[in-house]
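All chains, please: the whole structure from these sequences, using the hints.
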Amino acid sequence: MSADRPLLEAIDLGRQSENSHWLLRNASLRVRAAERLALMGPTGAGKTLLLRALAQLDPSDAGCVLWRGEEIAAQDIPRFRASVVYVQQRPALLPGTSRENLQAPFRLHAHAQREYDEGRVIELLARCGQPSTLLDRTTMQHSGGQSQSVALVRAVQLDPHVLLLDEPTSSLDSQATRSVEELLRDWVELEPASRAIVMVTHDARQAQRFGTTVLRLENGQLTREA
Amino acid sequence: MPDTYIQLAGWQVAAAAALIVLNAAISIALRLELERRLLIASVRAIVQLLLIGLVLGWVFELRSAPVVAGLLGVMTVIAGVAAVGRSSYRYRGDWLNSIVSVWVSSWVVTALALGALLAGERPWYEPQYAIPLLGMILGNTLTGVSLGLDRLGSELSERRDQVEALLTLGATRWEAALPAIRAAVRTGMIPLVNSMMVVGIVSLPGMMTGQLLAGVHPWEAVKYQLVILFLIAAATALGTLGVVLLSYRQLFNRRHQFLHERIHHNE
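Residue numbers (our numbering), protein chains in the order written: chain A, 1 to 226; chain B, 1 to 267.
Everything labelled a hint here was simulated from the structure, so no lab data went into it. Don't take each hint at face value.
Label-pair restraints from in silico Cβ distances [stated by the list, open to error]: (1) B/E158 <-> A/A73: 25 to 35 Å; (2) A/R32 <-> B/D161: 27 to 37 Å; (3) B/G115 <-> A/L23: 22 to 32 Å; (4) B/L51 <-> A/C64: 54 to 64 Å; (5) B/L49 <-> A/P59: 45 to 55 Å; (6) A/Q221 <-> B/H264: 55 to 65 Å; (7) B/H265 <-> A/T133: 30 to 40 Å; (8) B/M197 <-> A/P95: 20 to 30 Å; (9) B/I78 <-> A/P95: 31 to 41 Å.
Not close to chain B: a few residues of chain A, all C-beta gaps over 12 Å, as computed [unchecked claim]: (10) I11; (11) L66; (12) Q75; (13) G145; (14) E218; (15) N219.
Only part of the chain A face toward chain B is listed, based on derived beta-carbon distances under 10 Å [what the hints assert, rightly or not]: (16) G44; (17) R52; (18) L57; (19) P59; (20) I72; (21) I77; (22) R79; (23) H111; (24) A155; (25) L164.
It should be emphasised that the depicted structure is a prediction, and the values quoted were computed from it without experimental measurement. Each residue gets a CB set at the ideal place from its N, CA and C atoms; glycine is no exception.
As structure tokens, this is what we get:
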């Protein structure tokens, strides 16, 4: 693969509301290997819509998403989403314990060849500032920060190529936030030729600290910050 | 008609109808404010049953295949539309899915039953068999279909985040929808399973009661009731599964996207 070719690319993406108002318009974006894109913008600017569009979760009203330079066929979408994992802003955990949540992806066809590794999971949870005892607790008992950590670890353990993270540290204290940033930075650096992150954040300092590139989305339009 | 059968006179029916006064008295005493609705419901019941009596009398006399088929068709469409009306979660095109599911499931099962019952000796459109059989099957299939639709809608709406979480992790649309599909089909089938558990112990089913009143030997009535029960079970299962799968296809597209905005919740 050419070093220049982006892993993930959005070309003129657009999304309309039910009354044909553009919520996202002409959004173009390239995510190259080893990149950490920080995406900023006011509330309602379309940041979540953009991440959802990149993950192919919603039908687009305009534009397209390319994976390694090619359009994604309908039947390849699950495999694509196993490589480009979107982590929702509001952690969506399944009923049951944290362990059951972390094991859940391996029951899907897309990850059937792989096995759940509890040692790795405990290590990842620790780097989010969470103890291993969290594994046996039901998700109903979790705090916001604990849920967010489990949802993040559930994605990271799959070692996708791109992580699309929607405010992944919004419920964490500053120490845990730094620790998660470091975990994500290390995760990309472990395989820089095939990994990247797009992270939505409201915190300008976090964007500067974490992002190799900072993008700003305003009124549905994307611009690169100096 | 067995000679033990007693024909009801008009005054006897009127006397039974007068019992509604008891309901009205309870409503007034406890201020339930149901008097008006009781009156409307009673009048509706009388008018509807008189009308269907007239229609059935005419159809039974005609014994014409197109007329019987037409009546069965109308009954089926009404059941399909009524099933959707009872669900509080709606999406565009749901009534078509409901009618198709009710139609296919109830007609397939009724056709099998008529084939076995009449064994080619009498025509399929014998109104005495075709109409009550389909009617009973429709009544139950309609309940299964409406419960299944409602549960699917509520599961997918209330667990939207979880459905999407599975999709984001690489689930196919089927894998993501399966918990909701299971819950919906189960909900559609449970009332029938429950009623089969207690049939004959807690209550005697309507058809069996009718046959007993008409003077049929209890053993014959039981045999008929058992057949009907299993026909209803099969049609309900088929209808519920059908409407849930058709709805699933409408709410998840080929790109494994959950089209949640299509679901509307009516309180």
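Going down the list of hints, with the structure as the test:
| no. | hint | in the structure |
| --- | --- | --- |
| 1 | B/E158 <-> A/A73: 25 to 35 Å | 32 Å, holds |
| 2 | A/R32 <-> B/D161: 27 to 37 Å | 31 Å, holds |
| 3 | B/G115 <-> A/L23: 22 to 32 Å | 56 Å, violated |
| 4 | B/L51 <-> A/C64: 54 to 64 Å | 59 Å, holds |
| 5 | B/L49 <-> A/P59: 45 to 55 Å | 49 Å, holds |
| 6 | A/Q221 <-> B/H264: 55 to 65 Å | 32 Å, violated |
| 7 | B/H265 <-> A/T133: 30 to 40 Å | 39 Å, holds |
| 8 | B/M197 <-> A/P95: 20 to 30 Å | 28 Å, holds |
| 9 | B/I78 <-> A/P95: 31 to 41 Å | 39 Å, holds |
| 10 | I11 | 17 Å, holds |
| 11 | L66 | 15 Å, holds |
| 12 | Q75 | 8 Å, violated |
| 13 | G145 | 18 Å, holds |
| 14 | E218 | 25 Å, holds |
| 15 | N219 | 22 Å, holds |
| 16 | G44 | 17 Å, violated |
| 17 | R52 | 9 Å, holds |
| 18 | L57 | 6 Å, holds |
| 19 | P59 | 6 Å, holds |
| 20 | I72 | 8 Å, holds |
| 21 | I77 | 5 Å, holds |
| 22 | R79 | 7 Å, holds |
| 23 | H111 | 6 Å, holds |
| 24 | A155 | 7 Å, holds |
| 25 | L164 | 8 Å, holds |
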